[in-house]
Amino acid sequence: MAAASSSSYSVASSLSSLRFTSSRYLPSLTHYYLPSTPFPSLFSSPSPSRRSSYRPLTRRPTFSAKAASVDRKSVLIVNTNSGGHAVIGFYFAQQLLASGHDVTVLTVGDEGSDKMKKPPFTRFSELVSAGGKTLWGDPAKVAEIVSGVKFDVVFENNGKDLDTVKPVADWAKSSGVAQFLYISSAGIYKTSDEVPHVEGDLVKEDASHVGVEKYIAELSFSSFAIFRPQYMIGSGNNKDCEEWFFDRIVRDRPVPLPGSGMQLTNISHVRDLSSMLSLAVENSIAANGKIFNCVSDRAVTFNGLAKLCAKAADRELKLVHYDPKSVGVDARKAFPFRNMHFYAEPRAAKEVLGWTGTTNLPEDLKERFQEYVEIGRDKKDLKFDVDDKILESLKVEVTA
Amino acid sequence: MGFPRPILDPPGLPAPRSTRPTRTSCLSDFLPGVCSCAQSAVKPSGTLSPSNLDSMEIDGNGGGRRMSIYLKGRLVMRCVGGPTPETPSLVLILFCKERLDLTLRLCGAKDKEKTETKKRILHLKGDRKDFEFVKTSLAAEGFDVVYDINGREADEVKPILDALPKLEQFIYCSSAGVYLKSELLPHFETDAVDPKSRHKGKLETESSLDSRGVNWTSLRPVYIYGPLNYNPVEEWFFHRLKAGRPIPIPNSGIQITQLGHVKDLARAFVTVLGNPKASKQVYNISGSKYVTFDGLARACAKAAGFPEPEIVHYNPKEFDFGKKKAFPFRDQHFFASIEKAQRELGWTPEFGLVDGLADSYNLDFGRGTFRKAADFSTDDIILGKSFVLQT
Numbered sequence: 001m002a003a004a005s006s007s008s009y010s011v012a013s014s015l016s017s018l019r020f021t022s023s024r025y026l027p028s029l030t031h032y033y034l035p036s037t038p039f040p041s042l043f044s045s046p047s048p049s050r051r052s053s054y055r056p057l058t059r060r061p062t063f064s065a066k067a068a069s070v071d072r073k074s075v076l077i078v079n080t081n082s083g084g085h086a087v088i089g090f091y092f093a094q095q096l097l098a099s100g101h102d103v104t105v106l107t108v109g110d111e112g113s114d115k116m117k118k119p120p121f122t123r124f125s126e127l128v129s130a131g132g133k134t135l136w137g138d139p140a141k142v143a144e145i146v147s148g149v150k151f152d153v154v155f156e157n158n159g160k161d162l163d164t165v166k167p168v169a170d171w172a173k174s175s176g177v178a179q180f181l182y183i184s185s186a187g188i189y190k191t192s193d194e195v196p197h198v199e200g201d202l203v204k205e206d207a208s209h210v211g212v213e214k215y216i217a218e219l220s221f222s223s224f225a226i227f228r229p230q231y232m233i234g235s236g237n238n239k240d241c242e243e244w245f246f247d248r249i250v251r252d253r254p255v256p257l258p259g260s261g262m263q264l265t266n267i268s269h270v271r272d273l274s275s276m277l278s279l280a281v282e283n284s285i286a287a288n289g290k291i292f293n294c295v296s297d298r299a300v301t302f303n304g305l306a307k308l309c310a311k312a313a314d315r316e317l318k319l320v321h322y323d324p325k326s327v328g329v330d331a332r333k334a335f336p337f338r339n340m341h342f343y344a345e346p347r348a349a350k351e352v353l354g355w356t357g358t359t360n361l362p363e364d365l366k367e368r369f370q371e372y373v374e375i376g377r378d379k380k381d382l383k384f385d386v387d388d389k390i391l392e393s394l395k396v397e398v399t400a
Numbered sequence: 401m402g403f404p405r406p407i408l409d410p411p412g413l414p415a416p417r418s419t420r421p422t423r424t425s426c427l428s429d430f431l432p433g434v435c436s437c438a439q440s441a442v443k444p445s446g447t448l449s450p451s452n453l454d455s456m457e458i459d460g461n462g463g464g465r466r467m468s469i470y471l472k473g474r475l476v477m478r479c480v481g482g483p484t485p486e487t488p489s490l491v492l493i494l495f496c497k498e499r500l501d502l503t504l505r506l507c508g509a510k511d512k513e514k515t516e517t518k519k520r521i522l523h524l525k526g527d528r529k530d531f532e533f534v535k536t537s538l539a540a541e542g543f544d545v546v547y548d549i550n551g552r553e554a555d556e557v558k559p560i561l562d563a564l565p566k567l568e569q570f571i572y573c574s575s576a577g578v579y580l581k582s583e584l585l586p587h588f589e590t591d592a593v594d595p596k597s598r599h600k601g602k603l604e605t606e607s608s609l610d611s612r613g614v615n616w617t618s619l620r621p622v623y624i625y626g627p628l629n630y631n632p633v634e635e636w637f638f639h640r641l642k643a644g645r646p647i648p649i650p651n652s653g654i655q656i657t658q659l660g661h662v663k664d665l666a667r668a669f670v671t672v673l674g675n676p677k678a679s680k681q682v683y684n685i686s687g688s689k690y691v692t693f694d695g696l697a698r699a700c701a702k703a704a705g706f707p708e709p710e711i712v713h714y715n716p717k718e719f720d721f722g723k724k725k726a727f728p729f730r731d732q733h734f735f736a737s738i739e740k741a742q743r744e745l746g747w748t749p750e751f752g753l754v755d756g757l758a759d760s761y762n763l764d765f766g767r768g769t770f771r772k773a774a775d776f777s778t779d780d781i782i783l784g785k786s787f788v789l790q791t
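Quick mapping for you: the protein sequence lines, in order, are chains G and Y.
69 is the number that the working numbering gives to position 69 of the first sequence; each next residue is one higher, with no gaps.
Just add 400 to wherever you are in the second sequence, counting from 1, and you've got the working numbering.
Simulated from the structure, these hints should not be mistaken for lab results.
Just so it is clear, the structure is predicted and the values come from calculations on it, not from any experiment.
Note that beta-carbon positions come from the ideal geometry of N, C-alpha and C, so glycine has one too.
Accuracy of the hints is not assured; some may be wrong.
[Unchecked claim] Pair by pair, the computed Cβ-Cβ distance ranges are:
(1) Arg-377(G) - Gly-705(Y): 32 to 42 angstroms
(2) Asp-555(Y) - Asp-388(G): 32 to 42 angstroms
(3) Lys-596(Y) - Arg-338(G): 32 to 42 angstroms
(4) Val-373(G) - Asp-594(Y): 33 to 43 angstroms
(5) Lys-190(G) - Arg-730(Y): 25 to 35 angstroms
(6) Val-373(G) - Phe-719(Y): 29 to 39 angstroms
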């Protein structure tokens, strides 16, 4: 009954046998999981509570200050310079710094490039103030860039394919990095009638991330772990998520959703992803060889997300459903999320790391909307060409 | 499910307990997944007569561990305890007598085992709405633990609790139907419940148990399936597959539901018995994964060895089905997380969807047995219409 059962997670040499078997639930293995209420940060600025009504633009997410009992580690984050994942490296760096670790962030490309003019890169000074190091360059030349610094942990949050990741992984192995963490994608799971995607489920073998996962597994790091995220929200996000809904809602435009709007997706606050990564660093033995769905523990429907955004904006919602094929639009261009159930659950993180999720979409979206207004995006002049095409074909009037 | 009209056994001499076999083979011999709790010594006692007729079944074996089970007619409980010469174990099987026969046959029980098993079950016939009868019968036996599998209203538990002041545990079969509909899923035990739901009686029962200070445990299943299912869940699909008919599914077919095999549910019921962790707790109990309506149709076909079915989507608002139900599931997402039970009780479902449906088909529906005869009248209304939603 209650588990004195032996661990069902053995480190396998190839990923295909890396199964998260839920045949027996293990009791929580760790006492280190981060509490959901933030402790005062190490910075001098006041730490706002999550429920405050006004947030300064440069507010920082706060993380619990760990006691000196935490083993100080030297962490290198190789970060992408754009896209939905970019913000993960930023949050994770902040969290590690708050916990007393040494952090270096290597961002792909040039410090002066246009890409650095978007968040989270615009806030990298916060990392420096917290004692972190920020570098730029080509990850293939990582050895030269970090010039001989020894790292305990490398977090690869950049490459989608083996060509990009291999140089970093090889260097990490040869320079004696103890723990290698890789951000993959929950998009590699094979679609199924049964949901959710659970660690160990079949993946699309030709997906480029899969090749990377397998390669890392075979390098025999003392500890390695794979993280498969979906969509995320949070201050400093590089790619639109909830903004797509706010753009339409504040302008009193209809929100066009493909299909029935019943499709489930997972929208996590990036702090949940960051806390999962931190737990893996602090429990490198338990985390070793594991795959973690890096998502919150609730899914939301498209309809539900639209409703929550409208509620957060305190505005009326006009929902319109359409069939992309009949209208003649590519749903991928018309809508920010995959037009299907895309739903993974963080079962491994809960069971193996004792992780708990804190994403609270109704509350989190309120904060996101506040920032949306603070930066003046509600007043921005935007084009809605694809929307107009959809609405035209449905003969829906846009009264705005 | 209604009970037959109350037929109280004429009072007579009970079979002396000493003549009951003290050494019996247990169903644990051939039922998998036995929970080994609740061994007990047999003492002659009791004044109730065993019965051969249907309605409620209560296991009235004497001894330190006696259980009373109100019958739901579909739940198969595993054998509790293992046999020893001195202490035959209790057998908890919940269903009407004819299903007992069928179940025993399904489990491959030999005739001798069947007879012996049946002897260990004490039947109490009657109507549980007859509160006086319930109270008197139970008080006479003095049970330690009650499993209430079919209670729907809070007033139904009162006579049980009145009859058994020293009750050690009241284990209740509630329903995930109590959760308030939400866009954020899955349902967790901490989620808001809907005081206006069709299952509000279950909620009221849970509250009433709590307020009486009883040591209670409540399990909330989602959709139950498995051999002997009286609710046309999988049966509805199997009828259409066997008839080679298309499967009409309302709206998009991507609504997500969740099925839990009855044997897994039964194991959960046994797991909470005498478990201090389960005291005053609710647990969602169902399968580990969820499935779309379209996916369920395909899974039933796969499980039963039929080719992939033709699925026809339709808008239910365009039809008038009268009082008939055109589809056995609620037209919405409906699923719950079972991680609390997994984490706290060490229970986990053994059946996946396809192998669970195969179990149901191979042991029951695939043998030509069914509870509700096939009725394709609503299908014909849907299929007869000239316009139906394309997938």
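Each hint tested on the structure:
The supplied range of 32 to 42 angstroms is broken by Arg-377(G) and Gly-705(Y), whose beta-carbon atoms lie about 56 angstroms from each other. For the pair Asp-555(Y) and Asp-388(G), the supplied restraint of 32 to 42 angstroms is violated, since their beta-carbon distance comes to about 60 angstroms. In this structure the hint that Lys-596(Y) and Arg-338(G) lie 32 to 42 angstroms apart at CB holds, the actual value being about 35 angstroms. For the hinted restraint 33 to 43 angstroms between Val-373(G) and Asp-594(Y), the CB-CB distance of approximately 34 angstroms keeps it satisfied.
Checked against the hint of 25 to 35 angstroms, the C-beta distance between Lys-190(G) and Arg-730(Y) comes to roughly 28 angstroms, which is consistent with it. Between Val-373(G) and Phe-719(Y) the CB atoms are about 46 angstroms apart, so this pair departs from the stated range of 29 to 39 angstroms.
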